[in-house]
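Residues -4 to 215, numbered by the numbering used here, are exactly what the sequence shown covers, in order.
Please keep in mind that the hints were generated in silico from the structure rather than gathered at the bench.
All the pointers check out, no bait thrown in.
Keeping only pairs whose Cα atoms sit at most 30 angstroms apart, straight-line, the calculated DSSO-like set for lysine-lysine is: (1) K44 x K112; (2) K123 x K75; (3) K72 x K56; (4) K151 x K165; (5) K112 x K75; (6) K80 x K112; (7) K215 x K165; (8) K154 x K23; (9) K123 x K82; (10) K119 x K44; (11) K68 x K80; (12) K68 x K119; (13) K123 x K56; (14) K72 x K123; (15) K82 x K112; (16) K123 x K44; (17) K60 x K44; (18) K121 x K82; (19) K158 x K215; (20) K75 x K44; (21) K80 x K123; (22) K121 x K68; (23) K80 x K121; (24) K60 x K80; (25) K165 x K23; (26) K75 x K119; (27) K56 x K68; (28) K82 x K72; (29) K82 x K44; (30) K119 x K82; (31) K154 x K165; (32) K44 x K68; (33) K112 x K72; (34) K112 x K123; (35) K119 x K80; (36) K82 x K60; (37) K60 x K121; (38) K44 x K80; (39) K44 x K121.
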Amino acid sequence: MPLLLILSLIAQTGSQIHGAVPNITIDKPALSVTGQGRASISVKASEYKIILYADSYAEDKQESKAAAESMRKAIIKATKELGGKEKDVILTNLNTLEPIEEDLYFRVEQDIQIWLKNVEDINKTKEKYLLIDGVQIGSVIPVIGETSDYVPAIVKARKDAIKNAKLEAKALASEMDVLLGEPIYITEDIIYPTYTGYEASNESEITVSVTIFYGMIYKK
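Taking the hints into account, I'd like the entire structure generated from these sequences.
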């Protein structure tokens, strides 16, 4: 079996994202390059997952529980006014703490998750919940549509990635004083934008990495 020789180079511009070389077996000399392409996409979120902290405390245990229940009902009411339903409000954590020497209050900790659709202004939505006494916002995460919305950006980024990979392959072959053969293996990796925090940016980026293995021909 001929000696396997693979030369790898990451073709990228100002990026720290590296394409992974696939685990394959090639029984002839080969040259491998990875090109990257990027494309901007416009995103507008209208659905959000919201986590609220509605904790209460009082010197009386029942009073603390009643205050927590009152906050939960107020959150449900606010959600309905925002176009949601009671089933969209889910209690994800409930913890009652007894008084201790350093803290003489009965405390109720509760985390409430809310799914809201058709949100036009997330800032007004946050304000609605913050007006409820004792409620704090834990997180507001936008829910972005299916990846089919990203197709035009993927197509553009893929073309750039392939172009960059071809250019780097030619440059690398020239430096190594070898000739490029036909592509013998091609793989692609797509990195979709990740949305966290309080709002999605109107502009996000798709990154496509294309790895190409070329047959490598030694000059005679």
